[in-house]
Amino acid sequence: MMKTRLFILLQIFTLVIASTVGTAQAAVIGTADHFAQQSRADQLIHINALFAKDAVAQHMADMGVNAEDVLARINALSDAELQQLAQNLDDLPAGSGILGVLGALFVVLLVLELLGLSNVFSKL
Amino acid sequence: MALLALLSACATPTPAPPKSGASELEAVPFFPQAQYQCGPAALATVLVHSGVATTPAALVPQVYLPGRQGSLQLELMAAARRAGRIAYTLDTTAQALLAELEAGHPVLVMQNLGLESAPRWHYAVVIGYQPEQQRVVLRSGTQYRKLESWRAFMGSWARAEFWGLVIPPPGELPASSTADAIGPYLAGQEGQLDPAILRAAWEKALARWPQDPDLMFATANARRSAAEPESAAALYRRLLLQAPEHMPARNNFADLLLSTGCRRAAATIIGPAVSVAQRLSPAARDAIISTSAAIANHLSRPSPDPEYCRALIQGLS
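As you go down the protein sequences, you meet chains E and R in turn.
The first sequence begins at 1 in my numbering and counts up by one.
The second sequence begins at 125 in my numbering and counts up by one.
Do not take every clue at face value.
Calculated from the model, a selection of chain R residues having no Cβ within reach of chain E, i.e. all distances over 10 Å [claimed, not checked]:
no.	residue
1	201
2	258
3	268
Pulled a few chain R residues facing chain E out of the computed Cβ check, cut under 7 Å [to be verified]:
no.	residue
4	198
5	213
6	408
7	428
For each label pair, taking beta carbons as the anchor points, the in silico distance ranges come out as [said to hold, decoys possible]:
no.	chain 1	residue 1	chain 2	residue 2	range
8	R	441	E	68	39 to 47 Å
9	E	87	R	154	41 to 49 Å
10	R	439	E	88	31 to 39 Å
11	E	88	R	319	36 to 44 Å
12	E	62	R	383	48 to 56 Å
13	R	319	E	64	44 to 52 Å
14	E	87	R	175	17 to 25 Å
15	E	61	R	217	38 to 46 Å
16	R	243	E	62	49 to 57 Å
None of these hints come from the bench; they were simulated from the model.
Even glycine gets a Cβ: it sits at the ideal position worked out from N, Cα and C.
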């Protein structure tokens, strides 16, 4: 009993000495860290997220979102989500809805009508 | 015959309409969409159903992108978090869709109403299914109760990669989630959500999969963060009785024991983790080193542990 305890203590001290270089670490392993298998990839995401944040904020502002809303929206996104938006904000599908479809259809029909190629509206 | 083969080769394969699973969630509210704003309307529909007081107008500044004349999927999920809800992406099968409806969860779906080459992205909320007529019931656009044939709906949903969201009330999980998927998903929400909301989800997941080591670990962590050290300790112990090799649990349990004055019990628990620390992930290794150093520091005082410590680690070595 005493021997195993001594052995454990010895191991502890070895590890402590081996790790004296570096910053103080939290002693508890966070749930997010535990599930993130590749912690190095995660750190990279975190570093890049700092750049992604600026890029997405700028892009949203350019797209007509007002400054206060941009900040709140950026803060609601995780690092991984920011990365994804930074790369694809122009290409990710943006749901706009049925009225948009009808609007586009209406414009096409109107153009055809004005060009005299159709007479959809002549009976109205 | 050859023509038939040719035709079917070009068609998107649609899963056959299920024969059962009749449902219609009539209590789901309806918000007719304004132009381009099916995102805020569909999101308000599911959020209000989950107990959040909101409107499409209140959500427009959170999710609408004027430059795209639409809303992005990621931002719908972020807005759900801002409302204190967890948005779960749906497992992409027809069975999952029906399972959610049966559990009382409307499903926010993305549809592509156009072509693959010229997409028209649309958000709607599936609220029911009619097996006999093979129709899906939706709150969609300006239609309170839109009926779409199974074939048409599945086609438009398939062109949007079967994307769907479920936003259940706090403490409820999607009916279709699995133990393997729920852990990483909830862990990814850490830091983005009120811990109390996340904790309720972890507890619910543990109740559904009581033997899952990582769900035990995460739930014990959440209990400790919620200043409930006793129920956390009991769960760490249960986990280590079942999986003595769960080194992160040893670390966090030892840290908890140390903070409750059980330093010798803490040394017992951390022991096996110390000897394998170098083989673990950097985060786990650093934490174990730090915990064991703190324990070693306290052990220099000779007094024994208080009496209650023994029960906390009973059966463990």
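Hints, verified against the model:
1. The beta carbon of residue 201 of chain R sits about 8 Å from the closest Cβ of chain E, which is not more than 10 Å, so the claim that it is off the interface is violated.
2. Chain E leaves residue 258 of chain R outside its interface by the beta-carbon criterion, the shortest separation being 22 Å against a cut-off of 10 Å.
3. Consistency note on residue 268 of chain R: stated as away from chain E, and its beta-carbon is indeed over 10 Å from all of that chain's, at 13 Å minimum.
4. For residue 198 of chain R, the interface hint holds, the least distance from its beta-carbon to any beta-carbon of chain E being 5 Å, beneath 7 Å.
5. Interface hint at residue 213 of chain R: violated, since its Cβ lies 12 Å from the closest Cβ of chain E, which is beyond the 7 Å cut-off.
6. This hint holds: residue 408 of chain R has a C-beta 6 Å from the nearest C-beta of chain E, less than the 7 Å allowed.
7. A hinted interface residue such as residue 428 of chain R counts as satisfied when its beta carbon comes closer than 7 Å to some beta carbon of chain E; here the least separation is about 13 Å, so the hint is violated.
8. The beta-carbon spacing between residue 441 of chain R and residue 68 of chain E, approximately 57 Å, falls outside the hinted interval of 39 to 47 Å.
9. As the Cβ distance of residue 87 of chain E to residue 154 of chain R is approximately 36 Å, the hint placing it in 41 to 49 Å is violated.
10. Residue 439 of chain R and residue 88 of chain E have their C-beta atoms about 51 Å apart, which leaves the hinted 31 to 39 Å range violated.
11. Between residue 88 of chain E and residue 319 of chain R the C-beta distance comes to about 30 Å, which lies outside the given range of 36 to 44 Å.
12. Roughly 49 Å separates the CB atoms of residue 62 of chain E and residue 383 of chain R, a value that falls within the hinted 48 to 56 Å.
13. The hinted window of 44 to 52 Å between residue 319 of chain R and residue 64 of chain E is violated, with their beta carbons roughly 35 Å apart.
14. At roughly 35 Å, the beta-carbon separation of residue 87 of chain E and residue 175 of chain R lies outside the given 17 to 25 Å, and the hint is violated.
15. A beta carbon spacing of about 39 Å between residue 61 of chain E and residue 217 of chain R agrees with the range 38 to 46 Å that was offered as a hint.
16. At about 22 Å, the beta-carbon gap between residue 243 of chain R and residue 62 of chain E misses the expected band of 49 to 57 Å.
Checked against the numbered hints given earlier, this structure breaks hints 1, 5, 7, 8, 9, 10, 11, 13, 14, 16; the rest are met.
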